[in-house]
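S.K.: For the record, the sequence lines run as chains A and B. The numbers in the numbering used here rise by one with no breaks, and the one at position 110 of the first sequence is 110. The numbers in the numbering used here rise by one with no breaks, and the one at position 81 of the second sequence is 81.
Calculated directly from the structure, the hints in this document are not laboratory data. What you were told as hints is all true, and nothing was included just to trick you.
Rough simulated footprint, nothing fancy, chain A against chain B, three-plus residues with beta-carbon under 8 Å:
| no. | stretch |
| --- | --- |
| 1 | 20-28 |
| 2 | 53-67 |
A few chain A residues that face chain B, going by a derived Cβ cut-off under 8 Å, partial list only:
| no. | residue |
| --- | --- |
| 3 | Glu8 |
| 4 | Thr127 |
| 5 | Gly158 |
| 6 | Asp165 |
Keep in mind the model is a prediction, meaning the values are calculated, not measured. Glycine included, C-beta positions come from ideal geometry on N, C-alpha and C.
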Amino acid sequence: MGLFKRMEMVFKSKINKMITHMEDPRETLDYSYEKQLEMLQNVKRGVAEVVSSKKRLQLQRAKITKKLEKLEKQAKEAIAVEREELARLALERKAVFQQQIADINAEILELEKQEEKLIISEKRLSTKVEIFRTRKEAIKAQYSAAEAQVRINESFSGISEEMADVGLALERAENKMEEMKARSEALDELMEAGTLSELPGQGQDEIEKELSRISREKKLESELSKLKAEVGKEESQ
Amino acid sequence: MIIRIMEEGQFRISGKLYDELNALDNRIVDFVAEGKKEAFKLEFSKMIEVIRTKGKPLLPEELLESEIIVPPEDLSFEEVREVFIGSGIFEA
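Okay, chain A solo, but in the shape it has when bound (with noise of 0.2 Å):
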């Protein structure tokens, strides 16, 4: 069986568990007329979903960023104090958050494509579902049951197409920020732990303790040697 063929029971299973038959045709074409109010609310809500995924991921970025930024300065510093291998470190670390960054400049990316879709989506659906609503009072005012029968098969199958394809347009979307938001929650979990950056309780990483400590020993040996500048001094006085 073909891609076509697939797609065509796909969609007909949609529509099934989507549409309602009343007995009297003219109803099903008011319920109908509900879900597609509905099938329309359920498509700004995705998109206004989006935006606020796009949002997160952005957030996310301006956090990774500065960590990388920090991890710059790190690198710098330890190469200042001859400590390559702190260098090294900072540089290996800043690395594998350049490609985080990378892989959210992408989702953001898809994300965007998304809402630009969804919201043409919406915007035809709107116009058909306009129209079908003009239709549908036309034929509750003109037309027995019987002949309404015959009447409005067209238009329900082309407007239940379109909300199957809107429905699964809007699923598909789940599905994407759904994985999403799981990988930047493992990522802002990571971050936190320390497993990337920071060790846990403490504010400063270990890059930065190593460097701190650092300069608490130059800072010592200074004094000390000052110090025994001064009693080298004392004592030949």
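Fit chain B to the given chain A structure using the hints.
M.R.: Here is chain B on its own, set in the frame of chain A:
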């Protein structure tokens, strides 16, 4: 005939193209069965391109049923497998 590209819209296209599209469809099925991801992607985007370039988009005001429904352009290989197995959101 009328073809729907999911998440994109419907197109009115000459019935003469049915055989060409059908041949593409058959090749896509084979590639999916053989697990040939790249070949699937190439063939699938070819199919979308044929519909887009040779078809004329329906107006939003038109309420018509499609004869052929084609999955969205960015369908992944994993998703097309779901279409064939009839699982996930492509449950048939």
